[in-house]
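**Q** Residue numbers (the numbering used here): 1 to 274.
It is worth saying that the hints were derived from the structure and are not from the lab.
Since no wrong hints were added, every one of them can be taken at face value.
Estimated spans, in silico, between C-beta atoms of each pair:
1. E191 <-> Q72: 48 to 58 Å
2. W189 <-> G228: 14 to 24 Å
3. N35 <-> L9: 16 to 26 Å
4. D236 <-> V112: 30 to 40 Å
5. G154 <-> G228: 32 to 42 Å
6. G154 <-> G234: 41 to 51 Å
7. A2 <-> L115: 38 to 48 Å
8. S195 <-> R104: 15 to 25 Å
9. P197 <-> M114: 18 to 28 Å
10. W189 <-> G151: 41 to 51 Å
Ideal Cβ placement from N, Cα and C applies to all residues, glycine included.
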Amino acid sequence: TAGIAIALLLSLVNYLLRFVRWQYFLRLLGCQIPNKASLVIYLAGFGLTIVPGKAGEVVRSLFLNNRGMSYQLSLAAFLAERLSDMMAVLILTSIGFWAFASARPVIVGLSVMMLLLLLVLRLQGCRARLRAWTMLLVPDRLHGGLAALGGVLGHVHTCLRGRPLLIGLVLSVGAWAAEAYAFYLVLQWMEAPISLPAATFIYAFSMLVGAISFLPGGLGGVEATMVGLLILIGLDQPLALAATVIIRLTTLWFAVALGMWPWWPCSGLMPNRG
1 TAGIAIALLL
11 SLVNYLLRFV
21 RWQYFLRLLG
31 CQIPNKASLV
41 IYLAGFGLTI
51 VPGKAGEVVR
61 SLFLNNRGMS
71 YQLSLAAFLA
81 ERLSDMMAVL
91 ILTSIGFWAF
101 ASARPVIVGL
111 SVMMLLLLLV
121 LRLQGCRARL
131 RAWTMLLVPD
141 RLHGGLAALG
151 GVLGHVHTCL
161 RGRPLLIGLV
171 LSVGAWAAEA
181 YAFYLVLQWM
191 EAPISLPAAT
201 FIYAFSMLVG
211 AISFLPGGLG
221 GVEATMVGLL
231 ILIGLDQPLA
241 LAATVIIRLT
251 TLWFAVALGM
261 WPWWPCSGLM
271 PNRG
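I would like the entire structure built from these sequences, with the hints used as guidance.
**A** Below, the structure written as structure tokens:
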């Protein structure tokens, strides 16, 4: 019981650090929403974490729009969050780069994609050329949406350049390291022979697989990867299954449960359609 409580506490550390990063990004984009209201809105997004690609978290845009923040800006904050998370998890995953040869292509491929995306975001001329080429390839009716997307990416660049990039990345690494450490503690309490670096890699790589699978909350992909890697390093299947179930309950499903209670107060933040 005490072990589960500590794992839940470390999950709260993850959510708190990610909220600090979210609020920082909102400030960069000109949104001065009070911390308390912003926290309620941020937590409400967790209630829809199990939507594919965590896209359900963009529900925050509805609440922020009623607070005067445009959808373009709030979507930029969401995308900056996702990219910052991906970079942080890649950093944690690199711990096991040499120990798990089968994972190297995924790590290298995602790292290259991330660097290319950051390069596109940083170079305004590159973004302009990419937009021009895309305009030539898609029907005219989609040009308005592409222009809006270009505006969103420009605002994402505001959050992921220089000092903001570094601050966001430090907060992201700290957040996901907290949950990786919770996974390590769970395995230690179950007397599993595993080191902290190995546990960190397995947790982070499983999160990567869940993210690129675009399954709701990574369901299935994360669990299968986690169990498979634990068995690969020598753990018994029952122990691997038990550890995976516990860490997913104290991270993913705890977030979903935590995200449900703000919906009632958030209902008053919904845009008025009348």
